[in-house]
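S.K.: Assemble the whole structure, with the sequences as input and the hints as a guide.
Just so you know, the protein sequences line up as chains A and B, in that order.
So that you can map any letter, position 45 of the first sequence is 59 in the working numbering, and since no number is skipped, the others follow by simple counting.
So that you can map any letter, position 130 of the second sequence is 144 in the working numbering, and since no number is skipped, the others follow by simple counting.
I should point out that these hints are in silico values taken from the structure, not numbers from a laboratory.
Glycine included, C-beta positions come from ideal geometry on N, C-alpha and C.
Worth double-checking, as some hints may not be accurate.
Once the Cα atoms are required to be at most 20 Å apart in a straight line, the calculated SDA-like pairs of lysine to any residue come out as [to be verified]: (1) B:258 / B:174; (2) A:258 / B:174; (3) A:258 / B:242; (4) B:258 / B:27; (5) B:258 / A:242; (6) A:133 / A:98; (7) A:258 / B:244; (8) B:258 / A:247.
Only part of the chain A face toward chain B is listed, based on derived beta-carbon distances under 7 Å [what the hints assert, rightly or not]: (9) 108; (10) 232; (11) 233.
Number of protein chains: 2
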Amino acid sequence: MHFTSERRLDDDVLEREFTLDEIPGILWTPASVSAPVPLILLGHPPLGLGKMYPRLAGRARHVVADGFAAATIELPGSGDRPRWAAIEQARADLRRAMQAGGPVDDEIVDALVLPLVEKAVPEWRAALDALLSLPEIGGPVGYSGGVISIGIRLALVEPRVSAAVLFAGSLVPAAMFEEARRVTVPLHVLLQWDDEGNDRQAALDLFDAFGSEEKTLHATMGGHAGVPQFAGEAADRFFVRHLK
Amino acid sequence: MHFTSERRLDDDVLEREFTLDEIPGILWTPASVSAPVPLILLGHPPLGLGKMYPRLAGRARHVVADGFAAATIELPGSGDRPRWAAIEQARADLRRAMQAGGPVDDEIVDALVLPLVEKAVPEWRAALDALLSLPEIGGPVGYSGGVISIGIRLALVEPRVSAAVLFAGSLVPAAMFEEARRVTVPLHVLLQWDDEGNDRQAALDLFDAFGSEEKTLHATMGGHAGVPQFAGEAADRFFVRHLK
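M.R.: If you want it as structure tokens, here you go:
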């Protein structure tokens, strides 16, 4: 893990860019730390860290204000990472299917999401190894947002993730429902009731499927990008309740 | 409005019982008030104030700690109020239908709920007149919990109610869906995902029906009486956001 830049946000937050095996990432920590802080991994859609930066930095500020560190890494095939032809093909297929207005074939969803999960999850776990070796970061670890199937897989296979905020805002392959049934960590699931790119009933079915004894569905009005501020604050409180 | 008793809870809360046109009620206010405080009406199921007292007093303590007054009145046909044969018949019919395990006929739900709404809502509005005339209580007013159809009607017809926490935990007559579509105040809707006496899909349809621009569905695990403490706290924060 190599830090490549360092700056302060608002005096209170230290923002550092890093690379880990050529994967770019960003770490936000409290500017002054007296003891190791818990870590929240910030997920995001595969649009590139550059494009997602303003939203990620906004979330990181809140997380750090609550006494956590926050970190994220670039997804495979996004941002400055090498293009990934198969994923771009699947994305084009999805766009075409959605523009046609019909239901999206399972094959398209599988082709878009499953390879991303397979490749990204080991990278996030490797990032976790590196991040938790830093003296200013301890446990426990939470995962928040982004591609929900990545969050499901991470919550299932990574024992260091002890609570997750999942955003039910992207299509979920049928195979991930089986994994969801085996997830047991506390979950806070955000749903935008009128998400234009998502299937509400499938999101409700997914919430029902999760095996976690504590799971909360927090549905608010509006489209995919319209999560209201109070819903973000409720998610922050979920992490405070479980990780501190 | 006649106060019939007065005592302190935990030093910080003044609890007064009252009657209003022979309807018993309870008012909780901060023990020391420098300016009029907003009011939250605490709804409850028709089991009698005596039986509901511990839960109501617990909610009132939280509400008063947030700087509100809280008040409730007995429902028609419950507690020390005169028996109401029609409602008791409907309740027996409902019990029989649920024990038989089949779906509950619309007629039974209508017979149980609609007369209660018709009779209770004017009583709560009269209580509001009396409560808002007290110097220690100002506006705005919130309504919280209890029989959801009463909350829907109150939110629709009572302009002084400016935000409501509704508990999707009882059967809703089809006619109330039409009223729900015309409700416009901010709503925070609680749903117990495995509520044994409720129809989850009907609750989701009801949430969808509400006309309010700001509405949040907060679904947590467990049965009817198992609303977790953090869900109650989230509802409290909703009122702080809208009434203060």
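S.K.: All hints are to be evaluated individually against the structure, with a verdict given for each.
M.R.: So, going through the hints one by one against the coordinates:
1. At roughly 14 Å between alpha-carbon atoms, residue 258 of chain B and residue 174 of chain B fall within 20 Å of each other, so this suggested pair holds.
2. At most 20 Å may separate the alpha-carbon atoms for a hinted pair to count; residue 258 of chain A and residue 174 of chain B exceed this at roughly 40 Å.
3. Distance hint between residue 258 of chain A and residue 242 of chain B is fulfilled; the C-alpha atoms sit about 19 Å from each other, no more than 20 Å.
4. Only pairs whose Cα atoms come within 20 Å are accepted, and residue 258 of chain B paired with residue 27 of chain B is accepted, the gap being roughly 19 Å.
5. As the CA atoms of residue 258 of chain B and residue 242 of chain A are separated by approximately 19 Å, the hinted pair is consistent with the 20 Å bound.
6. A distance of roughly 11 Å separates the Cα atoms of residue 133 of chain A and residue 98 of chain A; the hinted pair therefore holds under the 20 Å criterion.
7. Only pairs whose Cα atoms come within 20 Å are accepted, and residue 258 of chain A paired with residue 244 of chain B is accepted, the gap being roughly 15 Å.
8. Of the supplied pair hints, the one linking residue 258 of chain B and residue 247 of chain A holds, its CA atoms being roughly 18 Å apart against a limit of 20 Å.
9. At its closest, the beta carbon of residue 108 of chain A sits 26 Å from a beta carbon of chain B; the interface hint therefore is violated under the 7 Å criterion.
10. The criterion of a C-beta within 7 Å of any C-beta in chain B is met by residue 232 of chain A, whose closest approach is roughly 6 Å, and the hint holds.
11. Hint on residue 233 of chain A holds. Least Cβ distance to chain B is approximately 4 Å, under the 7 Å limit.
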